[in-house]
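Residue strings, one per chain:
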Amino acid sequence: MARVVVDVMPKPEILDPQGQAVANALPRLGFEGITSVRQGKHFELEVDDSVDDAALEKIAETFLANPVIEDWVVRRVGA
Amino acid sequence: MARVVVDVMPKPEILDPQGQAVANALPRLGFEGITSVRQGKHFELEVDDSVDDAALEKIAETFLANPVIEDWVVRRVGA
Amino acid sequence: MSIDTVKNAETTPDQEQPFRELGLKDDEYARIREILGRRPTDAELAMYSIMWSEHCSYKSSKVHFRHFSESLTDEMRAKMLAGIGENAGVVDIGDGWAITFKVESHNHPSYVEPYQGAATGVGGIVRDIIAMGARPLAVMDSLRFGKADAPDTRRVLPGVVAGVGGYGNCLGLPNIGGEVVFDESYAGNPLVNALCVGVLRVEDLHLAHASGAGNKIILFGARTGLDGIGGVSVLASDTFAGDDGSGKRKKLPAVQVGDPFTEKVLIECCLELFQQGIVVGIQDLGGAGLSCATSELASAGDGGMHVYLERVPLRATGMTPAEILSSESQERMCAVVAPENVDAFMAVCAKWDVIASEIGEVTEGERLVITWNDEVVVDVPPRTVAHEGPVYNRPIERPADQDALIANGPESLARPTAAADILKTIVTMAASPNLASRRWVTQQYDRYVRGGTVLAQPSDAGMIRIDEETNRGIALATDCNGRFTKLDPYAGAQLALAEAYRNVSVSGATPIAVSDCLNFGSPEDPAVMWQFEQAIRGIADGCRELGIPVTGGNVSFYNQTGSTAILPTPVIGVLGVIDDVRRRIPTGIGAEAGETLLLLGDTRDEFGGSEWAHVVHGHLGGTPPKVDLARERLLGEVLLAGSRDGMVSAAHDLSDGGLAQALVEACLIGETGARVFLDSDQDAFTQLFSESAGRVLVAVPRSEELRFTDMCTARQLPWRKVGVVDPESESLEIQDLGQLQLGELRAAWEGTLPALFD
Amino acid sequence: MSVRVGVITFPGTLDDVDAARAARYAEAEAVPLWHGDPDLKGVDAVIVPGGFSYGDYLRCGAIARFAPVMGSVIEAAGKGMPVLGICNGFQILCEAGLLPGALIRNSGLHFVCKDQWLKVENNTTAWSSRYEKGAEILVPLKSGEGGYQATQSTVDELEGEGRVVFRYVGDNPNGSRNNIAGITSANGRVVGLMPHPEHAIDALTGPTDDGLGMFLSLMDAVVNA
Ligand SMILES: Nc1ncnc2c1ncn2[C@@H]1O[C@H](COP(=O)(O)OP(=O)(O)O)[C@@H](O)[C@H]1O
Ligand SMILES: [Mg+2]
Numbered sequence: 001m002a003r004v005v006v007d008v009m010p011k012p013e014i015l016d017p018q019g020q021a022v023a024n025a026l027p028r029l030g031f032e033g034i035t036s037v038r039q040g041k042h043f044e045l046e047v048d049d050s051v052d053d054a055a056l057e058k059i060a061e062t063f064l065a066n067p068v069i070e071d072w073v074v075r076r077v078g079a
Numbered sequence: 001m002a003r004v005v006v007d008v009m010p011k012p013e014i015l016d017p018q019g020q021a022v023a024n025a026l027p028r029l030g031f032e033g034i035t036s037v038r039q040g041k042h043f044e045l046e047v048d049d050s051v052d053d054a055a056l057e058k059i060a061e062t063f064l065a066n067p068v069i070e071d072w073v074v075r076r077v078g079a
Numbered sequence: 001m002s003i004d005t006v007k008n009a010e011t012t013p014d015q016e017q018p019f020r021e022l023g024l025k026d027d028e029y030a031r032i033r034e035i036l037g038r039r040p041t042d043a044e045l046a047m048y049s050i051m052w053s054e055h056c057s058y059k060s061s062k063v064h065f066r067h068f069s070e071s072l073t074d075e076m077r078a079k080m081l082a083g084i085g086e087n088a089g090v091v092d093i094g095d096g097w098a099i100t101f102k103v104e105s106h107n108h109p110s111y112v113e114p115y116q117g118a119a120t121g122v123g124g125i126v127r128d129i130i131a132m133g134a135r136p137l138a139v140m141d142s143l144r145f146g147k148a149d150a151p152d153t154r155r156v157l158p159g160v161v162a163g164v165g166g167y168g169n170c171l172g173l174p175n176i177g178g179e180v181v182f183d184e185s186y187a188g189n190p191l192v193n194a195l196c197v198g199v200l201r202v203e204d205l206h207l208a209h210a211s212g213a214g215n216k217i218i219l220f221g222a223r224t225g226l227d228g229i230g231g232v233s234v235l236a237s238d239t240f241a242g243d244d245g246s247g248k249r250k251k252l253p254a255v256q257v258g259d260p261f262t263e264k265v266l267i268e269c270c271l272e273l274f275q276q277g278i279v280v281g282i283q284d285l286g287g288a289g290l291s292c293a294t295s296e297l298a299s300a301g302d303g304g305m306h307v308y309l310e311r312v313p314l315r316a317t318g319m320t321p322a323e324i325l326s327s328e329s330q331e332r333m334c335a336v337v338a339p340e341n342v343d344a345f346m347a348v349c350a351k352w353d354v355i356a357s358e359i360g361e362v363t364e365g366e367r368l369v370i371t372w373n374d375e376v377v378v379d380v381p382p383r384t385v386a387h388e389g390p391v392y393n394r395p396i397e398r399p400a401d402q403d404a405l406i407a408n409g410p411e412s413l414a415r416p417t418a419a420a421d422i423l424k425t426i427v428t429m430a431a432s433p434n435l436a437s438r439r440w441v442t443q444q445y446d447r448y449v450r451g452g453t454v455l456a457q458p459s460d461a462g463m464i465r466i467d468e469e470t471n472r473g474i475a476l477a478t479d480c481n482g483r484f485t486k487l488d489p490y491a492g493a494q495l496a497l498a499e500a501y502r503n504v505s506v507s508g509a510t511p512i513a514v515s516d517c518l519n520f521g522s523p524e525d526p527a528v529m530w531q532f533e534q535a536i537r538g539i540a541d542g543c544r545e546l547g548i549p550v551t552g553g554n555v556s557f558y559n560q561t562g563s564t565a566i567l568p569t570p571v572i573g574v575l576g577v578i579d580d581v582r583r584r585i586p587t588g589i590g591a592e593a594g595e596t597l598l599l600l601g602d603t604r605d606e607f608g609g610s611e612w613a614h615v616v617h618g619h620l621g622g623t624p625p626k627v628d629l630a631r632e633r634l635l636g637e638v639l640l641a642g643s644r645d646g647m648v649s650a651a652h653d654l655s656d657g658g659l660a661q662a663l664v665e666a667c668l669i670g671e672t673g674a675r676v677f678l679d680s681d682q683d684a685f686t687q688l689f690s691e692s693a694g695r696v697l698v699a700v701p702r703s704e705e706l707r708f709t710d711m712c713t714a715r716q717l718p719w720r721k722v723g724v725v726d727p728e729s730e731s732l733e734i735q736d737l738g739q740l741q742l743g744e745l746r747a748a749w750e751g752t753l754p755a756l757f758d
Numbered sequence: 001m002s003v004r005v006g007v008i009t010f011p012g013t014l015d016d017v018d019a020a021r022a023a024r025y026a027e028a029e030a031v032p033l034w035h036g037d038p039d040l041k042g043v044d045a046v047i048v049p050g051g052f053s054y055g056d057y058l059r060c061g062a063i064a065r066f067a068p069v070m071g072s073v074i075e076a077a078g079k080g081m082p083v084l085g086i087c088n089g090f091q092i093l094c095e096a097g098l099l100p101g102a103l104i105r106n107s108g109l110h111f112v113c114k115d116q117w118l119k120v121e122n123n124t125t126a127w128s129s130r131y132e133k134g135a136e137i138l139v140p141l142k143s144g145e146g147g148y149q150a151t152q153s154t155v156d157e158l159e160g161e162g163r164v165v166f167r168y169v170g171d172n173p174n175g176s177r178n179n180i181a182g183i184t185s186a187n188g189r190v191v192g193l194m195p196h197p198e199h200a201i202d203a204l205t206g207p208t209d210d211g212l213g214m215f216l217s218l219m220d221a222v223v224n225a
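Residue numbers (this note's numbering), protein chains in the order written: chain G, 1 to 79; chain L, 1 to 79; chain E, 1 to 758; chain R, 1 to 225.
In isolation and in its complexed conformation, chain G is listed as follows (with noise of 0.2 Å):
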């Protein structure tokens, strides 16, 4: 059994409208110094250890992100 995270961002060049809300409530919230905020997405998988490292990125790249508009990263936490 093994933990497995996959962060999946907006790619840089693409409109990430909720990372850019948050962005412009800060200041207004009285937190200031915060020049960049993107939002996405975070996943916890728990995997038996027949998965490998390839299937794992293929669930990535096909189905938790779509790599039109996203970047993604899947790392194996723990033990």
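Read the hints as simulated data drawn from the structure, not as lab findings.
All C-beta atoms, glycine included, are put in the ideal place defined by N, C-alpha and C.
All the given hints hold, so there is nothing to weed out.
Pairs of lysine to aspartate or glutamate residues, derived as EDC-like cross-links and limited to a Cα-Cα distance of at most 16 Å, are as follows: (1) L/41 <-> G/44; (2) L/41 <-> G/7; (3) R/114 <-> E/750; (4) L/41 <-> G/71; (5) L/11 <-> G/44; (6) L/58 <-> L/70; (7) E/79 <-> E/92; (8) L/41 <-> G/70; (9) E/721 <-> E/679; (10) E/62 <-> E/86; (11) G/41 <-> L/70; (12) G/11 <-> L/44; (13) G/41 <-> L/44; (14) R/114 <-> R/145; (15) G/11 <-> G/61; (16) E/25 <-> E/524; (17) E/62 <-> E/524; (18) G/58 <-> L/32; (19) L/58 <-> G/32; (20) G/41 <-> L/71; (21) E/62 <-> E/388; (22) G/41 <-> L/7; (23) E/79 <-> E/203; (24) L/11 <-> L/70.
Facing chain L, a subset of chain R residues (Cβ under 7 Å, in silico): (25) 54; (26) 55; (27) 57; (28) 58; (29) 63; (30) 66.
Guided by the hints, dock chains L, E and R with the ligands onto chain G, whose structure is given.
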């Protein structure tokens, strides 16, 4: 200038329909061996050096996460 | 994990139990012991405490419901297929169609977690409608918040609106109306009342009950988790204190997260089950989860029931029987199925990917027995849980300050007299939070889905076509002016009823039934109980006079911040029928060339509780406008006749803000100018801003003017010509006062909510 | 000859009844297709309707595009069958690669339901031939994730080849690039758009009957094929 990552996840006892939907879809797509999926949000912030950990914690708690139903982790990455 | 069984309870009669923490009074706990002849088990205690709560047992309100039944006439009873006491009322609307509808509150959860609270409120009321065997048709949401510019309103309102939309949109139910009201009294206690309406064939009505020994009980839909079991988590802790770090269950937030997709699939699954005729009945799992569903099904049936609790599919590990019984996990239903139909039932669930488990069966006995891995954890007479809870005759006392409130009338408030001031007041009022356009809210709701929506926001009533062949349809409106109810709960409740009735009438439909959601402060406060009793009597008497029954509703008590109660808010939903939706009456003027504007009804100097007094003077006092239900009925009849004969091209009821606001809305919605003339007999201010009830602004094609006014005269309905529609004009012109440009009015009316909440 | 239009239902599809009704208004026969069944039942065209397939929690259309029926739709589209994706259907067609680009959260972050003016930019597709080029039509828009996004080169290509079929008129309601409301495949047979023509087929239940033109266009395309 620092990069900060905030991951926000539904609390374990709270229903996570998003993760659930992904978990249910995976076997149908031919991916076996994923026993659980939780889905949350991933924020990447660029912050001035003037922003201290307390401020970041405050931003996460009061704004990025909803403490009633979500847990969160703040970490500084790179330099 | 050691489980408290009946056997254990019998041998440990003196074990201390945290019944007070669970909300039970000493005498209520004593009664449970008396019923059982022993102490309750943990699981039984959880069941009784939830089912005997105010929310589930109606213990403070029940005695007052007799006003509803006592006021029923044969005329009112005739069309009612199911009334108070069922999941939702059902009325026969002709052609073999029946309509079921109900309003329910989800106030407190929406304050704690606005998005999920409101979302699950919509989910819950929709399940009530499905349980009747109906296809849900549409939803509405009646909302109350603290002051519009208060910081907390900025937290609560956007979340609530997004939640109502997020859930309803995903279910594919058009949102066809509602209310948004701001008043300081709701600051710590917003109101989120959701309404759902559904349709079925008369012969398909299913009242849930567990009859027929051997029939199976099937739980289907979402898994059961730790949601909403806040209170009951004390049972799992040694100390009853909960958060003591003992490794036992922490006190959990009583928040549920909704999964609208699961509910959408559940709807389709239920409809297919009903259609195939393979269920005896279906019961929704609402506030009290399995405790409620099992005890209600069993007591509505003619036998007992045995439930095997370990068969319930769980989402969390280590849940105790008490927790499973009290979980409020959403999107679950319970069905009673004859053994020979179980396979077919399971096949339908499989088609929709719905998890289903046989968790028990109907038995010969009279007891509800629940076992956990062969140990009996519940053994009770089900009626004592579901229906024979405590009933209170709470003390009632007219508040000491009621007279002072009434004495402090609006007469002394400064009124604008100069033309420019009156015009300015019109703009100020149009931009005030309670009168401003609701578009910021309603734009987040899908009103088109399923293709049956004939009228929706900003119309006075929502209207849905239910039969594409005959064009038969229904109309719905909800209303309540809490300031009127505060000044006089009896009259105020009737004014709410009158307004909702009128809103349905102006759409061209005929009102036929009422559902209400009674939102009040603490029933332990005699002044609140006085308001409550007065309001119920007002509604019951009013319904009798209008000839339309209350078919169901919901009571929500304890709506208060600290010890300050909210304005008494009996939200009234009125359902109407229309034989042909193509003759609906729109709200906006200007659809036909050459329209005359007529004002129907009497305008008196009535400003107690008015929006003008509230907006301009922050004043609340005096008496509310006079109620005349016979007049409302007459108005309805005249509008119906006018719509049948093609004499009315638009109609808009007058309510908050009076004639001025009605004119502004009719012009802006119709994107048309108008020229208005006031009467010389009465001062301009009163004519424009009075909130006298029983009035409607209608537009009639010039060719029909005489015919229509003759009809009004013949039927003794007062009318007055107040202007003409001018499609060429870009302004609302009021003779002797001046002009208001539509652009300026639109900016005022439409700008307010976006400025506050974007 | 009767024209058979398939209307797909996924779990969570909402506007399938409306799409079927619109097809019938255009005097086609509406044929229900089920997500789990790859059989297209011999239809002449397919509509992928609006809704929230599988809840759309992950990303709109992300799960639906893997449904068995979609394999058949992709194959049929490759052979020139007309396919229309409306709202969630548009999102699914993009996810499935039948149309380029993707749809993201509205720039205002709210679900938007409004009557929206559209300009017809291309009247040579299987679904838009009944309109005048440059005509303006009023149909409902109702979506939370309707912002059309694609790389600059994709947008340039679409514009260069005249493959933008509908464009928003007036304020951009959702942040779509170049005000794009709907696009077509290179051969003009597959069209996707966020607004809902099937909700504008009669003035009783919609703002206009402007949307009917899309379904009538299809009748021409099939009959003349
Ligand atoms: N929360 C809401 N949800 C849906 N529709 C709403 C909501 N609030 C107001 N509306 C709609 O906006 C319009 C104007 O509301 P309102 O001024 O309260 O109507 P009225 O005064 O006729 O009762 C109506 O069509 C009403 O149904
Ligand atoms: Mg009204």
